Structure formats: structure tokens, C-alpha cells
Amino acid sequence: MEMNSEDRRVHLGYAEAFRLGYSQLLQRLDRSALNVASIALGLSFYTSLLLTDTFYRTYASLGGGSLSVEATYYWLVAIALAVSVVGITNAMLISVQERVKEIGTMKCLGALDRHIILLFLIEALLQGLVGGVIGYGVGLAAALLTTGFSTGFDIILRVPVAQNITLFSSSIVLAVVLSTAATIYPAYRAARLDPVEALRYEL
Amino acid sequence: MSFDTVIELKGLKRHYDVGGETVKALDGVDLSIGRGEYVSLVGPSGSGKTTLFNMIGGLDRPTEGGVLIDGVDISKLDAYELAWLRCRRIGYIFQNFNLITVLTALENVALPTVFAGTPHDEGLKKAQKLLESVGLRDRINHKPVQLSAGQQQRVAIARALANDPAIILADEPTGNLDLNTGTEIIDLLHGLNKTRGLTLVAATHDLKMIKASDRVVWMRDGRVERIERG
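Protein sequence lines, in the order shown, are assigned to chains A and B. Position 21 of the first sequence, counted from 1, bears residue number 602 in the numbering used here, the numbering being contiguous throughout. Position 196 of the second sequence, counted from 1, bears residue number 184 in the numbering used here, the numbering being contiguous throughout.
Keep in mind the hints are simulated off the structure, nothing from the lab. Everything numeric in this text was worked out from a predicted model, so none of it was measured. A few of these clues could be false.
Said to hold, decoys possible - Some chain A residues well away from chain B (every beta-carbon gap over 10 Å; in silico):
1. 592
2. 605
3. 687
4. 754
5. 758
Unchecked claim - Footprint (simulated), chain A over chain B, 3 or more residues, beta carbon under 8 Å:
6. 3 to 17
7. 177 to 186
Beta carbons: idealized from backbone N, C-alpha and C, even for Gly.
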């Protein structure tokens, strides 16, 4: 048995990894829903503030009165997002603990450490995407409700389209980055599991 | 019967440090297993069966000595080569089946083909054939919890065969099954050993498994106590 030729490699393509990550999320819907909610809550606070500020500025630039968001709120947003991250890290650590045997089995079937990391990060990415979209929607509604009475509800239509797109996409990116960052440590822990101990592990 | 050697254990030792004390799980095992041979590993718990299983499977590294699979010392392989070995050369069967709970029977069996780099459709086709060959044609889209213990072990056997390994390693494969189901699983494994020429190494307490095997390796205190013809 020669061990050095190129085809003696194990693989995990992104399409397959997405398929696996997706079925994990669906099957563990309660925990993934909580992670999504955690991201959505933190992000909705962030986007509501961001959009309120945008609406006020747009209103001012159109000759309305000058309104603004108090700077201290941004501290609160930072804390809210940090709490989301810690919550997700905690949930993902529990998720790793639940799947110890499964991870050991995957390693028996040929999974490399980085395949295990990839699977967890894909779950985080999908949770971040869904949480981001929901959070943005909630944040938008909140911002409209708080500013609408003073600026008029059509203020959203006055914000330049390009700016709306930038706000939306940067919020989603933030959600995905936070969710993924929160999962790095749990994913690393999962990948480092020794298959022998993992297979013997009893929940 | 004579076989050419596929698994060779040379002076194999595995020592653990537990609380400052050295536990000799394996204490100098020499053993050759031939291609197509069916070998049962037997012994009281703590005799080193499971450690030996882990060693042959490339899941654990020896403290001393070597494990040669097809003449290659697997303790010298890097993580990539070891993963390849686990993926392509060895099929594992466990007492607790160890199926992935979120995947269907079909997806479970196809999983090793994913790591082997087999195209998706091809892997599924192969998985379907294997499930049919173990008598689960009507169960391919069931999740593990929807299957009986015997059916789950059949899925696990199909999964072990997914990448056409040369060696099947089984750790108490009938340990969680009732007598009849256990006998069916033994017949299935024995049949695979005979028809496909698979090398089958099984750690077991099951007398029926022991009787079906070509050789029985009796383990005690981390050593081979004696070897009998089955």
C-alpha cells in the first residue's frame, strides 16, 4: 500500500458539508432556533439604532429638524451583541457535548479535524444568515415605529436605495461574522476530540 | 487454509498513565491475520480486546511496537493518511451501532463515500445497493430511531462496506441484540467474509460468533493467552 500518491486523500466538499450542516440544523430545531433568536435579538437592537440614526440624518438633510441618537446607546448595542455571542458559544458547546459520539464516528469514517470544524462553522453561518434577516426585519420595524411619528413613515423611501442596500448587507455580514466567531471555540473543541474516547463516551 | 498477511501486530504495547500508575492495556501482542480470515478476539473485560480493536483500526497509537496493515506501519502515518486508511481500508461496526441520528439510513451508508470523494449521486446509488443487500430495501429513508436494533446494525454493516474496505473491524457487534437478531447479524457478517473475501476481526463474547470464526484469539491481561482454530 503506497501512502504518498495524490488520490489517497479524504474529502468533504462544500456542497456536502452544507447538506450535512443543514440537516443537523433541521433535526436540532429547538437549539438552532434559540441560536437564531439570540443573534436576531442582538442584531435587531443594532439595526434599529442604525436605522433610526439613518432616518434622522435623512430627515435633517431634507431640511427637517435635527434629531439624533444618543451616543450611549451604542455602548448598549455593543453589550447586547457580546451577550449574543456568549450565548451562542454556550449553546454550541452543549451541542458539541451532545454529539461527541457522532463526531467520533465521523472520524472513524474518515473525517479530518478540519472537516468537523467546517461542519460546525457552516451551521453557524446558516444560523447567522437566518438570525440576521429576522433581526434586520425586527430592527427596521422598531426604527420606523420610533421615528415615524416625527419624521413621517415614508422616511424609509427617502433613504437612498444604495444606502439601504449597504445597511442591510452590512447587518447580515455582521450577524454571520458574530455567529461564526462564537462557534470557533466549540468547533475547535469538537475537532480535537480523540476518536477512542469519543466512541466510548456515554451521555 | 493459508492466507497472505493483511494485519500484522509486532510486539504491540499500549500503556496508559492513570493517576501516576501505569496500566498495561496491551503488553506485547504478536499476531498475524491473513486476508479473508475471520478472527474473533475473546477475553474478559479489561483483557485488552477493545484497545486492540482501536489499534488495528488506526484510532489509537501504540506505546511500543507496530501495527502493519498491508505491510505499512500505521503508527508512522500522518493525520491525512490515517484518515484515508480509516475511510477506505477499514469498515467499523460497533456494539451501539453509532449511526448518525439526524441522517436517514441511506445518508448514513453514503457518508463514508462523501469522505472518499465519490460523486453525490454515485454514493447514494451505492448506498442503496448495499442497503438492499443487507435486506433493508424498504427502510432506506428511515431515520435510525425508526429502525429496530437489528435493522440499525444492518445499516451499520452496510455503512462499513461503503468504500469497499479490505478489513471489517467489529466491536461486540451482537452485544446489544437479542439472540435471534444476533444470529442473523452473525450470518450476515460471516457471509460477507466468505463471499467478498473480507478480513473480519471481531471482539466478542458471543459463542455463536466465536464458533463461526476461523481462529479465536484469547486475550488476558493485555497479552494473547492462546489461539485456537474455530
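Verification of the supplied hints:
1. The beta carbon of residue 592 of chain A is not kept farther than 10 Å from every beta carbon of chain B, the shortest such distance being approximately 4 Å.
2. Interface exclusion of residue 605 of chain A from chain B breaks down, the closest Cβ pair being 6 Å apart, not more than 10 Å.
3. The Cβ of residue 687 of chain A does not lie farther than 10 Å from every Cβ of chain B; its closest approach is about 8 Å, which violates its non-interface assignment.
4. The claim that residue 754 of chain A lies off the interface holds: its Cβ sits roughly 28 Å from the closest Cβ of chain B, which is beyond the 10 Å cut-off.
5. Non-interface status of residue 758 of chain A relative to chain B is upheld: no Cβ of that chain comes within 10 Å, the nearest being about 26 Å off.
6. Residues of the region 3 to 17 of chain B with a Cβ under 8 Å from some Cβ of chain A number 0, which does not satisfy the need for three, so the listed coverage is violated.
7. Judged by the Cβ-Cβ criterion of 8 Å, the region 177 to 186 of chain B is not covered by chain A as claimed, because only 0 of its residues qualify and three are needed.
Figure legend: structure checked against the earlier numbered hints; hints not met, in rising order: 1, 2, 3, 6 and 7.
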